[in-house]
Amino acid sequence: MSFLPLKERSFTIKIMSEKIYKLLQQGKRIDERSPYEFRKITMQTNVVEKANGSALVSVGSTRILTGIKVELGTPYSDRPNEGVFSVNAELLPLASKSFEPGPPDERGIELARVVDRCIREGKAIDLEKLCIIPGKMVYVLYIDIYVLDYDGNYFDPSVMSAMAALATCTIPKYSATGERVEGENIKVPIRDVPLSATLGIIRDRLLVDPCLVEEESLDTSIVVCLDSASNVVAIQKNSPGHIPFSLMESIINVAEEQISKIRAQFKEVVGVG
Amino acid sequence: MPIYFNDREIVLPGQLLSDDSRRAGEGTYVMDGKVYAATVGAATIRDGKVEVITFRGPYKPAAGDMIIGVVSDIKPIGVEVDLGGHVTALLKVKNVKELASLDLKVGDVVYARVSSSGLKGVLLELNEQFKKINEGVLLRMTPTKIPRLIGKRGSMINMLKKITGCNIMVGTNGFVIVNGPSPAKEFAAISAIRLIEREAHSQGLTDKVMAYLSKLVGGEVSHDTGDKA
Amino acid sequence: MTQVIKPKLIDENGIRLDGRGPTDLRPLRIEVSVLEKSDGSAYVELGKTKVYAAVYGPKEAHPKHLAIPDRAILNCRYHMTSFSTDERKTLGMTRREIELSKVIREALESVVFLEEFPRSAIDVFVEVVQADGGTRTAGLTAASLALADAGIPMRELIAAVAVGKVNGTIILDPSDIEDKYGEADMPIGVAPESNTIVLLQLNGKMTKDEFRHGLELARMGIQKIYQAQREALRRKYGASTTEV
Chain U
1 MSFLPLKERS FTIKIMSEKI YKLLQQGKRI DERSPYEFRK ITMQTNVVEK ANGSALVSVG
61 STRILTGIKV ELGTPYSDRP NEGVFSVNAE LLPLASKSFE PGPPDERGIE LARVVDRCIR
121 EGKAIDLEKL CIIPGKMVYV LYIDIYVLDY DGNYFDPSVM SAMAALATCT IPKYSATGER
181 VEGENIKVPI RDVPLSATLG IIRDRLLVDP CLVEEESLDT SIVVCLDSAS NVVAIQKNSP
241 GHIPFSLMES IINVAEEQIS KIRAQFKEVV GVG
Chain S
1001 MPIYFNDREI VLPGQLLSDD SRRAGEGTYV MDGKVYAATV GAATIRDGKV EVITFRGPYK
1061 PAAGDMIIGV VSDIKPIGVE VDLGGHVTAL LKVKNVKELA SLDLKVGDVV YARVSSSGLK
1121 GVLLELNEQF KKINEGVLLR MTPTKIPRLI GKRGSMINML KKITGCNIMV GTNGFVIVNG
1181 PSPAKEFAAI SAIRLIEREA HSQGLTDKVM AYLSKLVGGE VSHDTGDKA
Chain X
2001 MTQVIKPKLI DENGIRLDGR GPTDLRPLRI EVSVLEKSDG SAYVELGKTK VYAAVYGPKE
2061 AHPKHLAIPD RAILNCRYHM TSFSTDERKT LGMTRREIEL SKVIREALES VVFLEEFPRS
2121 AIDVFVEVVQ ADGGTRTAGL TAASLALADA GIPMRELIAA VAVGKVNGTI ILDPSDIEDK
2181 YGEADMPIGV APESNTIVLL QLNGKMTKDE FRHGLELARM GIQKIYQAQR EALRRKYGAS
2241 TTEV
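Protein chains in written order, with my numbering: chain U, 1 to 273; chain S, 1001 to 1229; chain X, 2001 to 2244.
Calculated from the structure, these hints are not laboratory results. Quick reminder that beta carbons are idealized off the backbone N, C-alpha and C, glycines included. Treat the hints with care, since some could be wrong.
Claimed, not checked - Away from chain U, derived, C-beta distances all over 12 Å, residues of chain S:
#1 Glu1009
#2 Ser1072
#3 Lys1105
#4 Gly1136
#5 Val1137
#6 Arg1140
#7 Glu1186
#8 Asp1207
Said to hold, decoys possible - Chain S is faced by these chain U residues, among others (derived, beta-carbon under 8 Å):
#9 Lys14
#10 Lys19
#11 Gln26
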């Protein structure tokens, strides 16, 4: 069952859609960016000491805080040698007048599940290294994403902050017999860093990293997540509307180009990429 | 009248401003015969009253205001127009025929005069000043900064229009429309407006904006814009 | 079964676990206008406790039939992120968060001029990003700043702090461990200009003298917090008028 979130039953402001498209035809955007340009990205890690790992990422004015808590648990019965992780996301009412307090609505759940797929299919975490005693004791990672401020595009900074939090996450060390090795911590074993780019489509035009005002005028949008070898590890068309088949090639190419730029910045700030 | 602040001093809610409770103006409140600041703003005396010019705050509709709004609903009684914040105004129509002749749809932007604001809500007037806006960028600004954007007798806004060559419509409710001959000129106007919003309460703003714009737009900039702040 | 060993929270010289004396506040950092999209916002850091507050409003009250004809409805939500505490907090609102939302809301209602905005709503959101004791008082301190930042007319700011009791000594601003293993925790919210209490709770046991002493200690701490609030507002809003 899917109900359009209450606040999203809002209308598009026609003159803005028209202006945005007109500017795009001239290769410009309403905030003076070029069509394939991301807003300024900043990343900070270890911002919440009580969390095992944390990262605060801004893309323009959109700000996402991810924290990771680690516990011990039992593995899934069909994967006895692997650690476990789960991703949750909340669109905090702090962030936008269109986010209502309450349990995550379909947008928050979609965000969590897509980020989960990015990490899982992107094989970001070496889950076998998170196993302590096969079949009995493994690390359980809770990756919790909070949108603090929303100016369009919560997907990309969510993936970035989840990955940055994972890459700097420390967990208590356990021996092969399940004993805590006092005073010793290890890092979460990272194999790859999947990152994403969100593209917006207006008629025949593409833009990257839509800000809020653009989001309100898009025909549709799509999130593309790639690993470091540019394999596609997750895709989500996250809006109603049509994508012409002919545009898909550009979408993947533009995503690849922009993600590699983000990857370079990620590597510089976080240390892995 | 005894006052406890310097002109244009930044005051905070709860700050004592004056002992004369008869002279309490906007942004203040009276308690036990004394006048206190109710908001964060610049304290001053205007028309003999102690007033706090609030830095940021909601729009308070008043009859005579020219507003820009977004059509949010169309009903037989008239057109509902969103003015931002908690204010939805109503443009009443006489009959369905008049409604149809307006040719308005949800999402359209209009410019209109507030005819009244009170128990019946905010009502807009359908007179010769009423306009449907067909093109442009819609910006939202804090309503409290709008007077600064307009300037004394329109000095700031006219300077902006002249230098950028853009048509700029300003709503008292904080909505602004910018429409220009080229994206570069529109961007120049928009960033100048954002500059004014950020620095609304500083001195010498007109000169600063002029200097900023002349760099963006290039070429000669004349200084005959009347009053300077 | 493992024994819970209660740590010694204060020594013979009155030095607490983190090196503070009984009347010391933790390092305090306050910023206003920290978030873009809300109408007003603030951030408060008190030791390791980190709290955001954001205000949306006044806005249309939804649903309309709940709107009050002669004033605004003030809504408040106090919420903690899952990673803010030592043990991961489950998602969703706990009973504690619901209770704290209520007492914070009631404190704020005491100072906001709700009559200025009939039929509307003012939403206040407090989000605790890291919890190390004193989260509701830091939240209330931040919320009142966020309201001021939004330009919502109010009688005055509210400054809040907690006092506790460890090993028989009344202390100012207990940290999480002092709260957990201490004998009492008393959060207090004050309107400093009128010198009135707008939030007051006690969890634990105090003698009447200890209670009086706790109130006095709180008043001292409140003055420091109020000072920091005013400085934060002036830093944000004062800068623009110093140019000539």
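query = Is the interface hint for U/Gln26 satisfied, with its Cβ closer than 8 Å to some Cβ of chain S?
reply = holds (6 Å)
ask   = Per the stated criterion, does the least C-beta distance between S/Glu1009 and chain U lie above 12 Å, as a non-interface residue requires?
value = holds (31 Å)
Chain U versus S/Glu1186 - minimum CB to CB distance exceeding 12 Å, so not interface = violated (9 Å)
inquiry  = Please verify that the nearest CB of chain U lies beyond 12 Å from S/Lys1105's CB.
reply    = Given a closest Cβ separation of 8 Å, the condition is violated.
key: Status of S/Val1137, Cβ more than 12 Å from any chain U Cβ   = violated (5 Å)
message = Verify this label for me: S/Arg1140 is non-interface relative to chain U, using a Cβ-Cβ cutoff of 12 Å.
response = Check fails; 10 Å does not lie beyond 12 Å.
Non-interface claim for S/Gly1136, where every Cβ of chain U lies beyond 12 Å = Check fails; 6 Å does not lie beyond 12 Å.
key: Status of S/Asp1207, Cβ more than 12 Å from any chain U Cβ   = holds (24 Å)
query = Given U/Lys19 as an interface hint, is the shortest Cβ-Cβ distance to chain S below 8 Å?
reply = holds (5 Å)
query = Is the Cβ of S/Ser1072 farther than 12 Å from every Cβ of chain U?
reply = violated (7 Å)
key: chain S contact restraint for U/Lys14 - C-beta distance below 8 Å   = holds (5 Å)
Checked against the numbered hints above, the structure breaks hints 2, 3, 4, 5, 6 and 7 and satisfies the rest.
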